Amino acid sequence: MLNTFSRLRFVIIASLLLLFIPAANVLAHGILVSAEPAPNTAVPTAPTQIRIRFSEPIYDVISRIEVYNDKGERVDNNDLAIVNANKTELAVTLPPLPDGIYQVNWKIFSTVDGHDSNGRYTFAIGTAELTTFSGSVSGDSQWPSLLNTAARWFSLAGSVLWLGLFTFLLFVWRPSFNALETDEVTDTFNRNWQHTIYRLAWTAVTLSGVGLILLILGQMSRFNLLQPANAAVWVNGRFGMMWLVRLALVLLAGGSLLLWRRHAPQPPGPITRTTWQWWLAGLALGFALLLPHALISHSAALLFNSGTAVIIDYLHLTAASIWVGGLMILGVALWRIRPLPSQIRAWLNLSLTLNFSALAAFAVGVLIVSGGYLAWQHVGSWAALFGTAYGLTLLGKLSLAGVAFAIAGVNLIFIKPRLEATFIAEDQTSAAQTQGRLRQLVRLEAIFALLVLLGAGLLTELQRGQTAPLLGQDSGALALSQNDGDWQVNLNVTPARVGPNRFDIFVTEGDGRTPFTGDLTMQFTFLGRAVGTTAVAATPLRAGYYRVEGDYINLVGPWQIETRLSQPGQPDIFIPYRVAAGLSGALRPQGTAVSSLERVVTFLSRSGGLIPSLALVILALAWGFMALRAAKREWQLAPLLLPGVLVFLIGSAQLNNFYRSYTPAIFTANPILPDTISLSRGQALYAANCAACHGDTGRGD
0 MLNTFSRLRF
10 VIIASLLLLF
20 IPAANVLAHG
30 ILVSAEPAPN
40 TAVPTAPTQI
50 RIRFSEPIYD
60 VISRIEVYND
70 KGERVDNNDL
80 AIVNANKTEL
90 AVTLPPLPDG
100 IYQVNWKIFS
110 TVDGHDSNGR
120 YTFAIGTAEL
130 TTFSGSVSGD
140 SQWPSLLNTA
150 ARWFSLAGSV
160 LWLGLFTFLL
170 FVWRPSFNAL
180 ETDEVTDTFN
190 RNWQHTIYRL
200 AWTAVTLSGV
210 GLILLILGQM
220 SRFNLLQPAN
230 AAVWVNGRFG
240 MMWLVRLALV
250 LLAGGSLLLW
260 RRHAPQPPGP
270 ITRTTWQWWL
280 AGLALGFALL
290 LPHALISHSA
300 ALLFNSGTAV
310 IIDYLHLTAA
320 SIWVGGLMIL
330 GVALWRIRPL
340 PSQIRAWLNL
350 SLTLNFSALA
360 AFAVGVLIVS
370 GGYLAWQHVG
380 SWAALFGTAY
390 GLTLLGKLSL
400 AGVAFAIAGV
410 NLIFIKPRLE
420 ATFIAEDQTS
430 AAQTQGRLRQ
440 LVRLEAIFAL
450 LVLLGAGLLT
460 ELQRGQTAPL
470 LGQDSGALAL
480 SQNDGDWQVN
490 LNVTPARVGP
500 NRFDIFVTEG
510 DGRTPFTGDL
520 TMQFTFLGRA
530 VGTTAVAATP
540 LRAGYYRVEG
550 DYINLVGPWQ
560 IETRLSQPGQ
570 PDIFIPYRVA
580 AGLSGALRPQ
590 GTAVSSLERV
600 VTFLSRSGGL
610 IPSLALVILA
620 LAWGFMALRA
630 AKREWQLAPL
640 LLPGVLVFLI
650 GSAQLNNFYR
660 SYTPAIFTAN
670 PILPDTISLS
680 RGQALYAANC
690 AACHGDTGRG
700 D
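End of the sequence shown sits at 700 in numbering that gives the first Met the number 0; the numbers just go up one at a time, nothing left out.
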């Protein structure tokens, strides 16, 4: 039979082996990358197949691509196949098709995280114009299903509780309890506490198990996993493999608890070496339980620096587990020590609070630094923060975390000194009142921490803010018209949203009959901040009809769209338009009503890094104060102050960059549209006030 040390070694080694299973870079929430024919384009001859490349590997067994004509009839050959080695590109063949408008509907299932994505787009064959269907590459709602969200939350909650439990036992409970003198009372309490630990550990295993069951139920609703062929395909995908890894880890956790219960009873006296070695094995297993969450997270979906992002995501999860999981165990411990004699109870309240404050403060510091990096990677803009499901959920999560941190600050600044004072004075009445307030505040903080964890579970199911469309209804199309006296320019923008658009330009002489035949260039300028102008040559489709396609309006705020008409031997003619991109993502003519929130987002976009950098510097200074209060010993100051120093350096660097690049143009833009009306008015003002001195052309005095 294995001895106790061998069993401990087996648990630790098994955890580490599962922890370091090789994992390639993975993606989350597959999106369309490219297609042939390209979305919203016209091709001269009928294609023989539709090819679509996605951002991650696909389960071809249940994914689909369907092609419909303008009568709603399916016209593809229903022979979907993967056509590249990394399983990211699907194709379906087509019979000979007549000229006309066709719509492509697609639905895919990721081998990485089990998420499904779907969307549609149109293309034209021959001379047909894309007016039958919407020109957008669109998908379904960003909000996930309740089953998937619950599955992610249960799985994450179990991992967090497990790691938080064993971190608390090793670094908070053990030094506090071992400082007590052993007697019959403490021995009896310790035996009861061991039973509580055992039940808490099984609660974590149960939560993780329920999460895995819900995850597999969600997959079975999409796959028929009872068929061996489907099950084999699913297991070979990243998500299926990581599900099996998590299952193995949960079974290992349950088995280690059975071994611990049977072979590691706690004898009377201080916590023994054997006991804390079992706790150390549980800690190693906790680190392993968190790894699959990071490997199928949004960080792995980044096209650049995904390895760094996954590591930071893992650190973020670890810090959250230490804070949230440890906080829940602290609440249980403070409740369980109530029957102890007053002096022992006072010592444990004080010692546990001091030990956990230092540990939690460091964890929260790591949370702030890593969370800021992840928010920058996954959101990336103020519009995505305030205008996507991911961004709004993140704001809710941050608000809940802010409340929890505020409660922790009250404990640190007010309750901890009172605990010290009542312990030194041996004032039992005041001590009991202070301990009661501490328990209440810890419970309240734990409730908000659990809500933060719920938000984290929801974020794992949502599409990243950087790739998600802004919330709100499609405006469909935006029609704009300008006449400079010689040329009539009509501009149609489809789907008239922030992101990829199609710009159709119709140019005729003032009589409306003679089409323009020269070159046409479009210029896009964001007026909310001086970020430069993008010029794009339009493609002529026929006389007087031009088209530009692309992601040229990509920020919320005011924009100027300008068409430049060029003919040999003639001066260029500029026709400007002003539009506003609302927080919903829809484009509208300038001058329509703007909400207060949109004004705030526009200001934040204009200010660039000013507001975040100021917030980082203030946060760093506040963190320094909190670290001084949280440190129990002098050596703890260095790790506690490190997150604040990093935040201060980042904020200071951003402030310096803003200062060096500042110009008044950041916050100002010409409010006058340079159209024929404003130009005529300017000429009249010049003639009345300036021409007498500077001449008609402004070149003389």
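Hints were generated in silico from the structure; no laboratory data involved.
Keep in mind that this is a model prediction, so the values were computed, not measured.
There may be inaccurate statements among the hints.
To be verified - Restricting the straight-line Cα-Cα distance to at most 30 Å, the calculated cross-link-like pairs of lysine-lysine (DSSO-like) are: (1) K415 to K396; (2) K106 to K86; (3) K106 to K70; (4) K415 to K86.
Hints versus structure:
1. K415 to K396: 27 Å, holds
2. K106 to K86: With Cα atoms ~15 Å apart, K106 and K86 stay inside 30 Å; holds.
3. K106 to K70: 21 Å, holds
4. K415 to K86: 57 Å, violated
Hint 4 from the earlier list is the only one contradicted by this structure; the remaining hints agree with it.
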